[in-house]
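Participant: Starting from the given sequences, assemble the full structure and let the hints guide the process.
Protein chains: 2
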Amino acid sequence: MQKKYLMTPGPTSVPTDVLLAQARDMIHHRAPAYTEVLREITARLKKVLGTEGDVVIFGSSGTGAMESSVVNLFSPGDKVVVISVGYFGDRYAAIAEEFGLQVIKLSYPRGSPADPLDLEKTLESHPETKGVFITHLDTSTGVENDLEAFGQVTNPRNVALIVDSISGLGSSPLYLDAWNLDVVVSGSQKAFMTPPGIAFAGISSRAWNMVERSRLPKFYWSYQKSKDAYNKPIPQNPFTPPVSLLVAFNEALKMVEKEGLENMWSRHRLLAEATRAGLRAMGLKLFATGGWGNGVTSVLPPEGVDGGKIVRMMREEFGITIAGGQGDLKGKIFRIGHLGYVDRLDIILTLAALEMTLARLGVEVELGSGVRGTQEVFLKAEG
Amino acid sequence: MQKKYLMTPGPTSVPTDVLLAQARDMIHHRAPAYTEVLREITARLKKVLGTEGDVVIFGSSGTGAMESSVVNLFSPGDKVVVISVGYFGDRYAAIAEEFGLQVIKLSYPRGSPADPLDLEKTLESHPETKGVFITHLDTSTGVENDLEAFGQVTNPRNVALIVDSISGLGSSPLYLDAWNLDVVVSGSQKAFMTPPGIAFAGISSRAWNMVERSRLPKFYWSYQKSKDAYNKPIPQNPFTPPVSLLVAFNEALKMVEKEGLENMWSRHRLLAEATRAGLRAMGLKLFATGGWGNGVTSVLPPEGVDGGKIVRMMREEFGITIAGGQGDLKGKIFRIGHLGYVDRLDIILTLAALEMTLARLGVEVELGSGVRGTQEVFLKAEG
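In order, the protein sequences belong to chains A and B.
With the first letter of the first sequence counted as 1, position 372 gets the number 372 in UniProt numbering; the numbers rise by one all the way through.
With the first letter of the second sequence counted as 1, position 177 gets the number 177 in UniProt numbering; the numbers rise by one all the way through.
To be clear, the hints were calculated from the coordinates, so they are not data collected in a lab.
Be aware that a few hints might be false.
Copies of the same chain look alike in the list, so a pair counts if it fits in one copy or across any two.
Claimed, not checked - Cut-off 25 angstroms, straight-line C-alpha distance, at most; resulting in silico cross-link-like pairs (SDA-like, lysine to any residue):
hint, residue 1, residue 2
1, K47, L367
2, K225, D328
3, K330, P235
4, K380, T16
Predicted model, so just to flag it, every value in this text is computed and none were measured.
Facilitator: This is the structure in structure tokens:
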């Protein structure tokens with residue numbers, strides 16, 4: 001017997017109550033029982049996003065919601081800036097280009113966060129820019145961008161700031177209204193500890209004005225269709241929603257409410273700090289040089305060891321799924337997720353297994369050192 | 001205590017084993033455990049679609065897969081024919097128009113199936129037509145189109161035939177390869193007795209040739225991205241799939257395999273015939289005048305009774321969710337689904353409740369007459 005642990009930056013572990021909520025008898029998406037679920041989720045998502053504006057929900061992965069922000073706000077030829085600190089920033093650029101936007105890409109070396117001053121200069125040289133896309137937490141590197149600072153660049157210039165916070169939301173603070181963000185897209189399968197299949201977007205009034213002018217075709221992703229369906233006397237989704245997932249998502253959002261959003265952010269920060277302290281105490285080097293987010297930590301394997309080998313052994317020998325590198329970083333880093341339904345002992349057991357994995361791979365590592373590193377952080381936080 | 005019965009044309013009831021499969025511990029969509037699920041589902045869907053070609057899977061509702069067929073095969077200005085026998089045919093036309101296709105609409109009076117001869121004439125007058133869209137079973141009216149006959153019109157002309165079989169597949173025969181269909185889209189929440197959230201499409205080689213020439217932008221819906229991800233050494237989805245739903249879908253497809261596809265079609269046909277016989281025996285009139293499909297039966301309410309009132313009383317008094325009319329047909333018809341996880345006694349109890357509902361609404365109805373009508377069909381079928 002070997003238990004399974006999902007320590008990736010998504011999909012993340014799902015609490016049993018949330019898993020079981022999916023198994024409730026199916027309800028019809030146009031019947032009153034569903035309406036309550038939809039109303040509750042929408043109200044809870046507004047709180048989570050820090051907005052009094054509209055929230056739309058999609059049956060899709062986060063990428064679908066990313067696409068939605070492109071096709072709802074823009075028209076072919078519109079100039080936009082895409083800030084990329086990793087794989088998912090590149091994805092936003094690829095989507096925007098696919099739909100015919102003129103993309104100025106601000107790319108940063110992998111492992112570094114973006115600098116708001118660069119955006120300021122770019123917008124000065126390109127005053128016709130209509131929107132800026134940014135990743136909150138790019139899980140490919142573990143780097144988090146300072147959304148508030150970017151909002152302070154875009155807002156006075158009346159440029160829309162569109163945020164992929166698929167992994168950031170819930171693990172770090174985000175305030176859509178107060179930080180002048182215009183679209184924030186996220187999903188069910190990260191901090192919100194629900195299986196994948198639901199994505200959502202919070203939409204500012206500036207973004208709605210852009211929706212009116214957008215000439216890109218849209219049907220499934222239409223914000224207007226979602227808004228119209230929700231504003232019917234009995235709120236609905238425009239198309240059949242993933243009912244069982246939404247019922248489960250509502251349970252997870254109740255747990256978020258119970259923990260409190262601020263407490264949830266603090267928990268993620270503490271887990272992230274402990275993970276990083278433990279890794280360093282083991283003698284490992286972090287990949288990112290700054291801007292560490294709270295959802296995932298990227299690590300350089302010891303000299304001469306392939307990151308993929310560590311990932312494989314962690315899974316096969318200890319039942320712990322961590323993540324390797326994506327794209328160019330394949331084999332060069334490994335990533336430990338501490339996102340969603342994760343507590344202190346999950347971090348401790350993961351580092352203990354990592355110590356044993358490295359030992360088996362012939363790396364000189366002091367057993368217990370990583371664990372001790374995390375314990376010190378946890379004890380200090382309590383003191 | 002009042003049990004709940006879902007007798008709508010989707011989402012349909014989900015067997016307990018399938019519900020519970022959603023509640024299994026989350027697995028990571030890039031880890032080996034998921035690969036097996038994806039391989040199995042893909043192989044099973046090929047059988048269900050009657051194709052040796054490719055099948056792509058989306059985290060979305062059926063409408064998303066409908067959109068996928070438009071954006072993957074066509075370019076702006078392409079001429080297409082959309083055959084509409086109801087609400088969902090109209091939806092295909094709306095999607096095609098939204099994406100800039102030139103749509104010739106062949107509309108039929110609600111309640112009648114489409115005539116292949118009309119398509120033949122239309123294609124003769126419009127030889128530049130690149131594709132024809134058709135609904136297999138349009139649940140808004142319960143009418144089913146003869147796909148094989150339409151394939152015989154489109155195939156010799158090398159025109160792509162694109163089928164919305166979201167509600168048809170599994171309840172009536174369909175052979176993608178043998179009938180020369182080019183794209184068939186369907187979903188998890190109808191005959192396949194899984195919660196909504198998964199859509200899929202079978203794709204012919206003619207369709208793949210069109211994919212190569214298509215100039216409509218696509219990212220989330222890209223068939224090519226799906227194919228490339230599946231053809232990696234370890235088959236994957238391009239974007240995070242709805243893992244828990246797919247695990248459950250695989251269980252449902254195992255049940256389909258066990259029942260046998262032909263037996264599944266026969267069961268649906270028998271349930272449909274019994275439902276219609278029972279309704280007639282109660283003195284009710286069917287809405288459709290021909291082309292009755294096996295998934296849903298549309299019924300005219302007795303003179304002077306609002307269809308919506310019947311739907312409401314069935315739900316509130318008996319816990320049975322049936323469907324009202326959609327769009328123009330709101331209040332004018334009601335619809336009984338017999339799609340998916342449904343057996344003979346579900347039909348009997350539904351008609352018994354309908355008899356009581358009508359009696360309470362002051363309609364003169366012989367109690368037991370509808371039930372008897374179904375029983376006669378069931379007994380006769382057993383020989």
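Participant: Now look at each hint and say whether the structure bears it out.
Facilitator: Evaluation of the provided hints:
1. For the identical chains of this complex, K47 and L367 are neighbours neither inside a copy (43 angstroms) nor across copies (52 angstroms), given an alpha-carbon limit of 25 angstroms.
2. Taking CA atoms no more than 25 angstroms apart as the test, K225 paired with D328 passes between copies only; the shortest distance there is 19 angstroms, against 39 angstroms inside one copy.
3. Proximity of K330 to P235 under the C-alpha cut-off of 25 angstroms is restricted to the inter-copy arrangement: shortest distance 17 angstroms between copies versus 45 angstroms within a copy.
4. For the identical chains of this complex, K380 and T16 are neighbours neither inside a copy (30 angstroms) nor across copies (47 angstroms), given an alpha-carbon limit of 25 angstroms.
Of the numbered hints listed earlier, those contradicted by the structure are 1, 4.
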